[in-house]
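Go ahead and model the full structure; you've got the sequences and the hints to work with.
Below, each chain spelled out in residue letters.
There are 2 protein chains.
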Amino acid sequence: MADSEALPSLAGDPVAVEALLRAVFGVVVDEAIQKGTNASQKVCEWKEPEELKQLLDLELRSQGESQEQILERCRAVIRYSVKTGHPRFFNQLFSGLDPHALAGRIITESLNTSQYTYEIAPVFVLMEEEVLRKLRALVGWSSGDGIFCPGGSISNMYAVNLARYQRYPDCKQRGLRTLPPLALFTSKECHYSIQKGAAFLGLGTDSVRVVKADERGKMVPEDLERQIGMAEAEGAVPFLVSATSGTTVLGAFDPLEAIADVCQRHGLWLHVDAAWGGSVLLSQTHRHLLDGIQRADSVAWNPHKLLAAGLQCSALLLQDTSNLLKRCHGSQASYLFQQDKFYDVALDTGDKVVQCGRRVDCLKLWLMWKAQGDQGLERRIDQAFALARYLVEEIKKREGLELVMEPEFVNVCFWFVPPSLRGKQDSPDYHERLSKVAPMLKERMVKEGSMMIGYQPHGTRGNFFRVVVANPALTCADMDFLLNELERLGQDL
Amino acid sequence: MADSEALPSLAGDPVAVEALLRAVFGVVVDEAIQKGTNASQKVCEWKEPEELKQLLDLELRSQGESQEQILERCRAVIRYSVKTGHPRFFNQLFSGLDPHALAGRIITESLNTSQYTYEIAPVFVLMEEEVLRKLRALVGWSSGDGIFCPGGSISNMYAVNLARYQRYPDCKQRGLRTLPPLALFTSKECHYSIQKGAAFLGLGTDSVRVVKADERGKMVPEDLERQIGMAEAEGAVPFLVSATSGTTVLGAFDPLEAIADVCQRHGLWLHVDAAWGGSVLLSQTHRHLLDGIQRADSVAWNPHKLLAAGLQCSALLLQDTSNLLKRCHGSQASYLFQQDKFYDVALDTGDKVVQCGRRVDCLKLWLMWKAQGDQGLERRIDQAFALARYLVEEIKKREGLELVMEPEFVNVCFWFVPPSLRGKQDSPDYHERLSKVAPMLKERMVKEGSMMIGYQPHGTRGNFFRVVVANPALTCADMDFLLNELERLGQDL
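Line by line, the protein sequences give chains A and B.
Letter 90 of the first sequence, counting from 1, is numbered 90 in this note's numbering, and no numbers are missing.
Letter 358 of the second sequence, counting from 1, is numbered 358 in this note's numbering, and no numbers are missing.
Where hints are given, some of them may not hold.
Same chains, same label: a pair holds when it works inside one copy or across any pair of copies.
Subject to a maximum C-alpha distance of 20 Å in a straight line, what follows is the list of computed EDC-like cross-link-like pairs (lysine to aspartate or glutamate) [said to hold, decoys possible]: (1) LYS212 - ASP13; (2) LYS47 - ASP344; (3) LYS326 - GLU18; (4) LYS341 - GLU432; (5) LYS341 - GLU51; (6) LYS134 - GLU59; (7) LYS436 - GLU406; (8) LYS326 - GLU129; (9) LYS134 - ASP57; (10) LYS436 - ASP344; (11) LYS447 - ASP344; (12) LYS47 - GLU448; (13) LYS53 - GLU129; (14) LYS134 - GLU65; (15) LYS341 - GLU50; (16) LYS212 - GLU408; (17) LYS35 - ASP13; (18) LYS53 - ASP344; (19) LYS341 - GLU448; (20) LYS188 - ASP30; (21) LYS326 - GLU257; (22) LYS47 - GLU129; (23) LYS188 - GLU222; (24) LYS341 - GLU45.
In short, the hints are calculated from the structure, not lab data.
Have a look at this one:
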């Protein structure tokens, strides 16, 4: 027999619920937001994994804990987490804390709904449509379709799946076995999700034909043409080209007009992975980097990166107006997408996706956009470009810093050459020794908590730093700090 | 040239940021949390789509808006959203608002990191491991692997992809074309994501062999055996069975022991889609419904459903200890998963997934679990069962309510037979007329905002209601209200 009272938890006690949430929110504001974005605080508080396990006391036990203990746990989680909103976090393709976007995320969490039907997400069904419309307009499309996906990798997979379905609608039912071998094309600088997606979708990584990139990391359209010919000669059927606007390491933009010409000639689906670079479309000054994107069939664009909307906010945009997304992914589950509803069931967009429950990812972007306007967001992009340029010029002025190349985006790639290696470019172990510098400095900066910068090898080049200038709160002083700090950390090397 | 000052946005002004967030948080507490869970308030505020568009003024414009306007927008978004934490929201397989889980979600959003490496998510890499360990222990495994996925549909896809990769590791590189036709088996009551997944993964929906379910919605193991034989006779290679613990509509639990016996005999991967029913493992009283789950190779379990952890929280659990997840999905991107780091790179779990950026989904569950303990969560499950039982007994007592079947879980399925149809079971249009009742009542309850209950047709049965008893704040009074309200809304039909 059931109790007639609600469970003895906070859920039945509005006063206690409010007190808990206000206390947690206080901790969040003080620790994560104020300290977490304050340059005089550490960007991270490094602990070895074993020590951190002890500090966090992660084990889940039979007995629950007191309010006071829970608040202490909240503090510890924040204390030992990396502060990605901090002005010294240059480590990833996202950085910074936009307060309006965060407000949107908090509201999203408090409403806790799923984006499948108008019935249970009326505001967000309409809002997603409007946000996607706005993004499409920036691409250059007055109509089309789209959806928010859980990240750019899955947006890219959607594009591949849609392209093969459009060409071979039977594959939804009959699978790939009945099809000829398919080939898709992308450059060697593309994001690794193209390979992962090909494997996951059953095409296999062999179906990905890797096109050459030039010394700046841009796809070479002539080699694309050549690769298409080679694939056909081997009996494969080319069906898609994935171009990249803003590559992960170098920040390169593929020449979309020339690639679109090739696609048009061969009747191939053009997907543009603009997860990183898409936000440049907001800048009148810089959007020429994506010239030709309006000729794409699909575009992946992650506002959680350069626009700092918050993880995750990843749009897949389509030029298609034939309901391809729903035809390709739909399964008309009768318990969810009833056809005898009292409103227009075309608003039940959940059958466009391969997920069932789907998070609301539009509100954070919408609210930030309402607060900033196109103009505010454009200034943000232009400022990021300007600060990246400032950083490049400062790098050129200093001894011991060597640019990998002149960037065209906000990825600034360079080597820190420590005093002991300066002027030794001709010694046989120079490159080997230089390659060890970035990992060593990375260890030092993380253990001090002074800043975080990513590094990687790339092609034949040994490890170099990649500074991502994305945080909207950055100033020239932060760029100066970054270089000074590298010099300080590396002066004895 | 870059400005030496940060952009003129709130990002550079900690006082303004704090003021904004405190104001938004106040709105959230008042409108979404207090009113949103108060039974005397509406569960939804229905508006026709065109009217709602006007009310929300969704358009994104060139100019940004004032703080005051932004706060008004926050209020409107909450006002017109469905309150899924409300005690009269019975519409979905999630309901209720757990304050600790919400606290975990707010902290997650404020830290805004991605779950790929120990470097940028040290706390959450360790925490995810611990939470997965706990979930595996409840399944009955002392070792294994796992990962949080963006929803149960993708967890199910992972299982299918892992099973085919384990059998044919070549398919990652070479794709499905080189393989024999594959067959996977699931019951006709399974979730629609199995079909969607088969299409997305390139297998095609034809590869899904639909096994009979008995009158209670449970897979018939004898028919599974028969279907396996038929598939083999047709030249297909069986590789996976997906059993369901807690079907979507009826809440049925497939007989896992008998199914595991079949899988063992035929050497098939056993996946259990326990997205809905997995949380029953916490109850000593009811966990027998999943007897045999420890024999599975993989389990999908969504704590965002019955445990109210918040969307999304979906774990894929594996018995595998051979690093299958990483071998199947990994691509060793050198810019992210550098091998020359200063800590154990086995902690960089991001290469286990097909996503790149991946949200932190463990904290909300961990924090709630710390606060409730196993015991608190167990009481919650037991209470849900008890309240569902109470509802069933009340349904039996009342005229005009007819159970579809005795439930074994917290899905309570029944028809409301309106006064004009009572005693007319033998009239030729009875079923047709009865089938129109649920959609009509649904429209009425939504337009009044008094409650939300899902309905659907099912097999040869016409539309019936499915009440999901999941919200931990529910009491018997809410069950009484539900039935009284149905009678009130349908008295003139």
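What hints, given by number in increasing order, does this structure fail? The structure breaks hints 1, 3, 7, 20, 21; every other hint is satisfied.
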